[in-house]
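Number of protein chains: 4
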Amino acid sequence: VPPVFKYKQLLGILERLNAGEIVIGDGGFVFALEKRGYVKAGPWTPEATVTHPEAVRQLHREFLRAGANVMQAFTFYASDDKLENRGQTLKLTGAQINEAACDLAREVANEGDALVAGGVCQTPSYLSCKSEPEVKAIFKKQLDVVLFMCLQYFEHVEEAEWAVQVLKTSGKPVAASLCIGPEGDMHGVSPAECAVRLVKAGAQIVGVNCHFDPMTCVKAVKMMKEGVEKAGLKAQYMVQPLAYHTPDCNCQGFIDLPEFPFALEPRILTRWDMHQYAREAYNAGIRYIGGCCGYEPYHIRAVAEELAKERGFLPAASEKHGLWGSALEMHTKPWVRARARRDYWENIRPASGRPQCPSLSTPEGWGVTKGHSELVQHKEATSAQEMNRVLEMQKKAKSSA
Amino acid sequence: VPPVFKYKQLLGILERLNAGEIVIGDGGFVFALEKRGYVKAGPWTPEATVTHPEAVRQLHREFLRAGANVMQAFTFYASDDKLENRGQTLKLTGAQINEAACDLAREVANEGDALVAGGVCQTPSYLSCKSEPEVKAIFKKQLDVVLFMCLQYFEHVEEAEWAVQVLKTSGKPVAASLCIGPEGDMHGVSPAECAVRLVKAGAQIVGVNCHFDPMTCVKAVKMMKEGVEKAGLKAQYMVQPLAYHTPDCNCQGFIDLPEFPFALEPRILTRWDMHQYAREAYNAGIRYIGGCCGYEPYHIRAVAEELAKERGFLPAASEKHGLWGSALEMHTKPWVRARARRDYWENIRPASGRPQCPSLSTPEGWGVTKGHSELVQHKEATSAQEMNRVLEMQKKAKSSA
Amino acid sequence: VPPVFKYKQLLGILERLNAGEIVIGDGGFVFALEKRGYVKAGPWTPEATVTHPEAVRQLHREFLRAGANVMQAFTFYASDDKLENRGQTLKLTGAQINEAACDLAREVANEGDALVAGGVCQTPSYLSCKSEPEVKAIFKKQLDVVLFMCLQYFEHVEEAEWAVQVLKTSGKPVAASLCIGPEGDMHGVSPAECAVRLVKAGAQIVGVNCHFDPMTCVKAVKMMKEGVEKAGLKAQYMVQPLAYHTPDCNCQGFIDLPEFPFALEPRILTRWDMHQYAREAYNAGIRYIGGCCGYEPYHIRAVAEELAKERGFLPAASEKHGLWGSALEMHTKPWVRARARRDYWENIRPASGRPQCPSLSTPEGWGVTKGHSELVQHKEATSAQEMNRVLEMQKKAKSSA
Amino acid sequence: VPPVFKYKQLLGILERLNAGEIVIGDGGFVFALEKRGYVKAGPWTPEATVTHPEAVRQLHREFLRAGANVMQAFTFYASDDKLENRGQTLKLTGAQINEAACDLAREVANEGDALVAGGVCQTPSYLSCKSEPEVKAIFKKQLDVVLFMCLQYFEHVEEAEWAVQVLKTSGKPVAASLCIGPEGDMHGVSPAECAVRLVKAGAQIVGVNCHFDPMTCVKAVKMMKEGVEKAGLKAQYMVQPLAYHTPDCNCQGFIDLPEFPFALEPRILTRWDMHQYAREAYNAGIRYIGGCCGYEPYHIRAVAEELAKERGFLPAASEKHGLWGSALEMHTKPWVRARARRDYWENIRPASGRPQCPSLSTPEGWGVTKGHSELVQHKEATSAQEMNRVLEMQKKAKSSA
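Residue numbers (the UniProt record's numbering), protein chains in the order written: chain A, 1 to 401; chain Y, 1 to 401; chain F, 1 to 401; chain L, 1 to 401.
A few of these clues could be false.
All copies of an identical chain are treated as equivalent in the list; a pair is satisfied when it fits inside any one copy or across any two copies.
DSSO-like cross-link-like pairs, simulated, lysine-lysine; straight-line CA separation at most 27 angstroms [said to hold, decoys possible]:
(1) 35 <-> 136
(2) 219 <-> 395
(3) 35 <-> 309
(4) 136 <-> 219
(5) 91 <-> 234
(6) 395 <-> 200
(7) 200 <-> 91
(8) 309 <-> 136
The set of hints was computed from the structure by calculation and includes no laboratory data.
In this text, all values refer to a predicted model and were calculated from it rather than measured experimentally.
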């Protein structure tokens, strides 16, 4: 969920945030469009901006309607060589895909009061231990093409600093979001220290996105804020968490959960969970509040409804939603009508309907990070031999756990 | 999810089914569009066909792309007076909404090899004990307007029989689907007897939809099939279940679960659950296999992928899906690549991430049915007084349970 | 938990029951003494009556103190050849063990107002398809030695009938308890038919014990009662269920659950579950109410406390128990004092503290019964070859499930 | 579970521990005897040593037989004025009860190779803010009467220091166990600091008991050990945890769980959980390994079986237990025989059989500690007015959580 902004817009966002306005983000496109049939889990590339623009446009519209102030261009998250080896047959370049993405975001943003944003993500090159100049060259290239000003989904604060340094050369404001939780980045750097380093590198907005559930992400951003304030620095804060409950994650986030990415359904947050999240984030002093993987338009609408009083208005999509379930008053059955009240939904503990499944999983215990030979990017799909090696490593990790 | 077909198309569907072809249905529009912001839970009316055709069209396209052979027109499920009192301000008539619905379904169906279907549902009038002629007049009116040939979501077989009798007068084939489980209809009539009565009334396709999870629905249709065969009759069979696990339902289905309709998330089926369902339905001799509330396009794609060998082809959306997760072979992290195998996903027991929630709920114990004074339809929203009465009845029901 | 009674005492029990008195049974000794270190799970033989009489005596005392009216002698549940091959080195005969058992039960019964009971259980010989005369000879032998008058833990009503026929020849009254649930015996004979056959064979008390949780057992006895009454016959009813929640059992009971016998802890009933059970059993017209495997003295006390009003007195052990937790009023911490009320405990939904475990298990799907070659009794411990065959059969059963 | 030792015996225990020997403790008597009907939950006083010595003696024997090297005298845990107001009618003094307790422990210890221990626990007087001299006078009194040398179940390290200082005046060695977890004592003093302070005060053995599950307690003792070693001090370590899974506890332990004390059943550890615990504790360098509330004799046997190789022998009760379930080889049913292997039991995830219950609870959020007016001890049972105040405080705590 890329919070990178074109120049004018980022000014726009800073002005809004500094004026105390709440900015509501959208949700993650990769997961939402995978369910709709337009993104392939595994490579996760966004060529749908060219091949199926109507599907991408429709999702933008739904988030706008749900209350989002930011239309994030569904841009490509990595280097051209990655795109090349991800099995797309149209021979589209990253530039083509990203340009289409920006046009679509712009088109829908113009239908309402929204900012257009793009994104710069972490690179496979960093994990494969390429040098600082090599990695920075990649960021620079992306900057040239789409003029993006923001970064997100960084697991390593060092790489994020590099990216901020590059993006800053444009003279434009920069927002930076890591995919870390309260335990910090993959090298154990605490959220507080990460935030301080990013602000010092030049970021005006810092926060976290992806990898953890809303409450965990808010907790991490709170730690960032405390760190920044303790250091006598100033910043705005953003949070764009998963729409999945992940109390069982280790520091690597939901990717290490055995359910990732095809069996996460029982973890999906309800709209009422979203109310709680929005309130918690607001109370923590975070003013850019959005979502990432797992978010559907109704999740963002719930955020907008919870903060309607503070913002002064309801989102368009609330014409199709009774606040706190109040439209159930018109349901046929009286015992469903009896659910048309805040008290009911605020306290519900929803059952999974899966009595033979556990409540929590055991995440993979790998703990590998930058520099591990298994993480070197390659173009080929996994070989049988490679797979066997991985399964053996897994076994070893489990038996030593 | 209305399986009612225009004349030519229903012939089409019968010819297909009788030739042993598998017909894949689509999913329920009401729930999917509620999440996208275009349908209001409570009244559940489909005026989006007029107000937001792009959203309805896009959902049709996604189901088509996922492998559906049937485009069900998103038609209005009840009488004009219901529409009137459901708070829609545009003063649209049922006829206008339904006509737009048919046009949209036809438009997308023409983009692929799909049949257009509409639907006739149970009427509030029946629950309010209107007479047989009064109820039949409503069915006749719907027949005149949209030429629908099929019925679904009937809790009472008697009312369904009346509808079949009316629809039959058009001389066209009729499909009939009840929203019942293995315990039978709301008066305790068994699935076997229901099916026999519907076939005798003139239905060529019988089955169940909504209210229960896939395995429960397949079980009910199996009982229908056994009943029909025992009676020496002939029919085709259809099933369009929920995409929610509902092992804790009583005979009234998921509406009586405390999570209905706003906290059903933890119950959502994974794509792998759908594979199981598709196989089970096929093995039971059911050839019209689709979905109802809770289905997203990827659920239907999973049905189509499971039955790809029998059908001889994969759906279009499978270009964006590795069978059994195989596209994870291209994931960055080796331990995620290790999940690129059928064995992994077929055996996963996904955690809910909600350790403070139960696995099963206790459904409302009302057991009320046709003729109960609390069920009389009224135009007004629930009054405070009425609500109190309901809460008291609930309390009484619980203490005697 | 053997409800077989010496002559005078069985008369005693019939007189009590026929007078409308509630008779409270004790709990199962095998499981309770296994946890205390005196019975070996697997062979489950009761030689502790000879080797550690103090432990057996103490358990009798605790159940007596908890309110039990019946002291069941901890007698041997099978034939001498079984005892022989169960690895006990003292060369004790069944007769010696059983005599010691009766003496201990008598000794403690004399300390209060309790009846002494013994038991006749199903035989390995029946499962190994020995003939009716062969099986009856075993029952006769047990009759001669300990003069037992009752039978329990029978999975096959046919064998139970044979036992009743033999025991009846003594001219003494007979009680008969099967270890079946609502689905009936291992050949599918319904509880109603089982009960009718047992009463016709001469039993005056019929019921079920072991294998299922309290509510399931009460349901089965209700079906027995309806059957007996429909047939115009008369009987008294008994129930002695497990103290484990077993909603996931198939017809073979808790033995087929993967947790049997060493991981059943999370299923143990609370004392408040026991209150519910006692009330339910009483309301169903059952007057002999006790327990089987898993029961500890405080479970029986809870049964006695629930029925204190009907019986007119509390058990001795209630001097150490505040009704419905009332003694917590004297707890140090005020928030624990706040739990000193019926309403609190009656509605508690206790957490398992095991978020990585499921709520329900899948029982073994064997369905084997009398005559299956794998069930032939043998003296030797399982060989490696035999084990492999079993594991393969298991695999097959699972894959076809 | 009081690890306080008479002079000669504590020397004995130090000699054993310092020689690298494993000392296995027993389990908690209060909970075990409550289930057997001899202790009243709420006041929890041990007058059974006088009124029912046979029950106390039998439990000692069972733990001895299960492998315990320590017989903890079932002594009174608090001041005479507490005993006075706890509703016991026999007018027994603490001295009488404690003397009987010591005699019983001595009697059974002589039957095997066990040390006799007693205990000094925290005082109501401390919570009620009595002065240091007042509290120390209580400890001194207990020292005079029973010559106890050890302390346990202290929530506040300050009070424990006072106790160590008093007990040390006897010139005898002292062991000190707090009921804290990794978060430290009720004033937030870390386990490391607590341990250092206790060793500096004169304790030779330090550790934790009660309040948390085994893995949590081992973790806390590890932190103690690290603290002591970092400070350049020396000590031996002890751990006597609950036999309940408590991952959902806050720093106040299981007392704040809603299930305490009458609905803890689903949390009871299996014997296989105990194997894991014993290994973990041993690996952490802890050599005094026992149990507290919830332990039954078979739990201690499992500890002794896990450490049989290190100790060089099995406990007596293992004659009635096949290691890792091996005695199931003699079970009647082949699929139960298939469970006679370590691999099976080591990996079992036991179901609760309670699908309508959660996995985790929310502990009371009080956080009150010493000095809170609600904690002042009083003789009277809770009044209705007091109860109402508590319920209101609870409500407030929840709404602010």
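Tested hints:
no. : hint        : result
1   : 35 <-> 136  : neither (34 angstroms within a copy, 40 angstroms between copies)
2   : 219 <-> 395 : between (33 angstroms within a copy, 25 angstroms between copies)
3   : 35 <-> 309  : between (33 angstroms within a copy, 22 angstroms between copies)
4   : 136 <-> 219 : neither (30 angstroms within a copy, 44 angstroms between copies)
5   : 91 <-> 234  : neither (44 angstroms within a copy, 53 angstroms between copies)
6   : 395 <-> 200 : neither (42 angstroms within a copy, 45 angstroms between copies)
7   : 200 <-> 91  : neither (40 angstroms within a copy, 58 angstroms between copies)
8   : 309 <-> 136 : neither (43 angstroms within a copy, 48 angstroms between copies)
Hint compliance for this structure: hints 1, 4, 5, 6, 7, 8 are broken, all remaining hints hold.
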